[in-house]
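*Asks:* Just so you know, the sequences run in chain order A and B.
Last residue of the first sequence? That's 521 in my numbering, and every number before it is there in order.
Last residue of the second sequence? That's 1221 in my numbering, and every number before it is there in order.
Calculated directly from the structure, the hints in this document are not laboratory data.
Among the hints, a few may not be true.
As the list claims (entries may be wrong) - Calculated cross-link-like contacts (lysine-lysine; reagent style BS3-like; alpha-carbon spacing at most 30 Å):
1. A:Lys-5 - B:Lys-1158
2. A:Lys-63 - A:Lys-147
3. B:Lys-1126 - A:Lys-5
4. A:Lys-282 - A:Lys-98
5. A:Lys-135 - A:Lys-63
6. A:Lys-155 - A:Lys-173
Claimed, not checked - Here chain A is said to cover these stretches of chain B; the calculated rule only asks that three of the stretch's residues, wherever they fall, bring their Cβ under 8 Å from a Cβ of chain A:
7. 1111 to 1121
8. 1174 to 1188
Computed from a prediction, not measured in an experiment: that's the story for all the values here.
Here a beta-carbon is modelled for each residue, glycine too, at the ideal position from N, C-alpha and C.
Each chain, letter by letter, is given below.
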Amino acid sequence: MSLWKIAWRSIQQRSLSSFLTGLSIALGTALVIIVLVVYGVVAQSFREAAQGYHLILGAKGGKLQLTLNTVFHLSQPIENVPYSFFKEFTEYKDANGKPTRGKYASAVEVAVPYCLGDSYQEFRVVGTTPDLFDKLSYGSFADGRPKFYEFSSGKNFTVDDFRGAVIGAVAAKKTGLKVGDRFPITHGLAEDEDAHVHEEDAFHVVGILDPTGTPNDRAVFVNMEGFYLIADHAKPVELEPKSAEQQEYKEQLVRLQAVDAMIERLLANGKLEPGEADEVKKVESLLKEMRDTFDAKTSDDQYQATAGTTLDPGKQDAEGKIVPLPENQREVTAVLLLLKNDVFSQILHNKVNEGSVAQAVYPSREVAQLFEGVVGHVQTILLVLAILVVVVAGVGVMVSMYNSMSDRHREIGIMRALGAGRVTVMTIVLLEAILLAVIGGAVGVILGHSAIGAFASVIADNTGVMIHFLEPAPAADFGGWRVSPELVLIPALILLAILVGFLPALVAYRTDVSRALSQSP
Amino acid sequence: MLLLTDIQKAYSEPDGTRLPILQIAQFHVDRGEQMLLVGRSGSGKTTLLHVIAGISKPDSGIVKIAGRDITQLSEAVRDRFRADKMGYVFQTFNLLPAFSALENVLLGMAFTRNAADVDRARDLLKRVGLEHRLSHRPAALSVGEQQRVAVARALANKPQLLLADEPTANVDAGHQQQIVDLIRETCREEDVALVMVTHTAEIRSQFDRVDELSDINQVDH
Ligand SMILES: Nc1ncnc2c1ncn2[C@@H]1O[C@H](COP(=O)(O)OP(=O)(O)OP(=O)(O)O)[C@@H](O)[C@H]1O
Ligand SMILES: [Mg+2]
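One chain only, chain A, in its complex shape (with noise of 0.2 Å):
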């Protein structure tokens, strides 16, 4: 008869605190595996969510408020960029219609705006090009090949049809949108006090994406030309002087200002002689009259700034194709640079950066310093307990197996009385221990995995972070070996059941068998 057979046994033995034992250690181990598995998915999809284009181009400030806006669809919008500075990354035609580079545009493999700021129900609008789905991946496969966005229903949207929408997975399933169903956005995010509906600026789903497991699941993608003409987008337009006779008249009436308000200036204080306050009613005339003037020669032509059409944007002009907002009055948010060799992205990150228009971020720097900075933590402290919760359990188990022993004195004066030497009694408590721990481990991984795949669906509703029921914890690093920690989990569990059967095996190790066959049980 076999150690193992004798340990499993005694085991038996006791059924009920073995069970309960066992038990504990199956849900410390569960514990373990639901925090493995479920955080190492989602720190991987975390991970991936910057994946396919090397910088994002945003409005100077926080870099990590950028990163949020576009890459996870969170936080507060920060400003806009004007839309010639998105130019200068692209290839375009310029007013006379001559195709025109921009001036980073040969590095540029592809440049995709984002204009962000409104909501449809809980979820981001971004307006966008088709460029975003046909020309950008979202990370890649295990075997390198880069993963392209996949629509479960319809297709991308296209350039021309300005209020085509494309929905993520989740925001679609939790929207109930269907391809061709039209929904109006919202100004402002949903929880804003002072957001409102565009209900006459509808948009119509052209496409529902394939989950990705990235954040673009919960986000509603609209093409960027109907975004624009959606009331309120469009930028206040400066009014620039046109003419060198305008732009001598502004320079005049600025002096003239100064003029008037040092004249104000000394009116107040009384240092001006009665005579003199003619003198200045008569400049304020003066200047009454010049800012008419300006007024009225500006006032005129402001929306011919622009060259090309005089039509309202919005409106159709006479081909039937509706007049897409003049670029003055766009700006975009974020631009998302994918660029044609990666030694690009450091000159053109300082580039951007050394200019005073806008800032350029390494987003997969910036997700890693989140993730190493929060996430990471939360996933440690979770771990940690969750271990913690294991030791519990194997200290539940020595305690349970050393209150046992003084019931096996007898059992084990027997086992020696029958030539069983002192290492062997020991070696018996010791795979005890073990039967326990992995027994107790191997139930606790299935149950965990159970539980997972029971939540999956869940998971996947809420997040587009697919779990598959068997999958493992995602490969981590042991000093130098790649392996899920599932793998790991048994031997440390073995590791566990020695250290915590050691001290009841060193009371059988140290039964004295004449004295224990003494004793009656």
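Using the hints, position chain B with the ligands against chain A.
*Replies:* Just chain B with the ligands, lined up with the frame of chain A:
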């Protein structure tokens, strides 16, 4: 077969003084011999069996079994020697409660280098009349049946010496004789030397050799 020479064994009292239990100049049992050891309660019979089995070590003297002085062996080797060469039957609670009758017999073979011989275990249980009780736990067996399993187990490893410490003390009078006969018969069949301790008068008369412990032990109780 068994030869004790100049054995001294004393226990320490809680106050530190030594309480001598055994002082035996010589004790000898031949191969296959069956003998009875009698004596008052507390005279040291169990202590003597423990010394013979190597379960407790004498303070001095030689315990020679099958030509080897077991007091000179390391504890681990002595344990193995006991497993190979000796069988032991206690007064009560011989069996491990978690194991079936058959498993308890197999346990008698578990601590040697030899592979477990299930056929022999079954055969032994058959010889003690328990072929229908193989998978019963001790709790489901009568005290007499338990003692018979213990006899089968003590012989499982083909020992050369069987030590039986009042094997019938807890068995009713009707079954005492049955168990003693069983022990003597199987020992004879297997050519095993037998040292048995008993208080029962009827059994005394059946043995050719009966040693009174006080005759061989110089410690006076
Ligand atoms: N471990 C021990 N420590 C101290 N004293 C002991 C120990 N074991 C036995 N004794 C003492 O040694 C003496 C002999 O005990 P032993 O059990 O050998 O007697 P016995 O002849 O078997 O008695 P019984 O017929 O009642 O079983 C007793 O006085 C007992 O109290
Ligand atoms: Mg006794």
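*Asks:* Is the straight-line distance between the alpha-carbon of A:Lys-5 and that of B:Lys-1158 30 Å or less?
*Replies:* holds (23 Å)
*Asks:* Do at least three Cβ atoms from the stretch 1174 to 1188 of chain B come closer than 8 Å to Cβ atoms of chain A?
*Replies:* Our answer is that it is violated, as 0 residues pass the Cβ test (under 8 Å) against chain A, missing three.
*Asks:* Is B:Lys-1126 within 30 Å of A:Lys-5, Cα to Cα?
*Replies:* This hinted pair holds, its Cα atoms lying about 24 Å apart.
*Asks:* When you check the alpha-carbon spacing of A:Lys-135 and A:Lys-63, does it fall within 30 Å?
*Replies:* holds (25 Å)
*Asks:* Against chain A, does the stretch 1111 to 1121 of chain B show at least 3 residues with beta-carbon separation below 8 Å?
*Replies:* holds (count 3)
*Asks:* Are the Cα atoms of A:Lys-155 and A:Lys-173 separated by 30 Å or less?
*Replies:* Distance of about 17 Å is within 30 Å: holds.
*Asks:* Is the hinted pair A:Lys-282 and A:Lys-98 satisfied, with a Cα-Cα distance of at most 30 Å?
*Replies:* violated (53 Å)
*Asks:* Run the distance test for A:Lys-63 versus A:Lys-147: straight-line Cα separation, threshold 30 Å.
*Replies:* Given that 30 Å is the threshold and the Cα spacing comes to 26 Å, the pair holds.
Hint compliance for this structure: hints 4, 8 are not met, and every other hint is.
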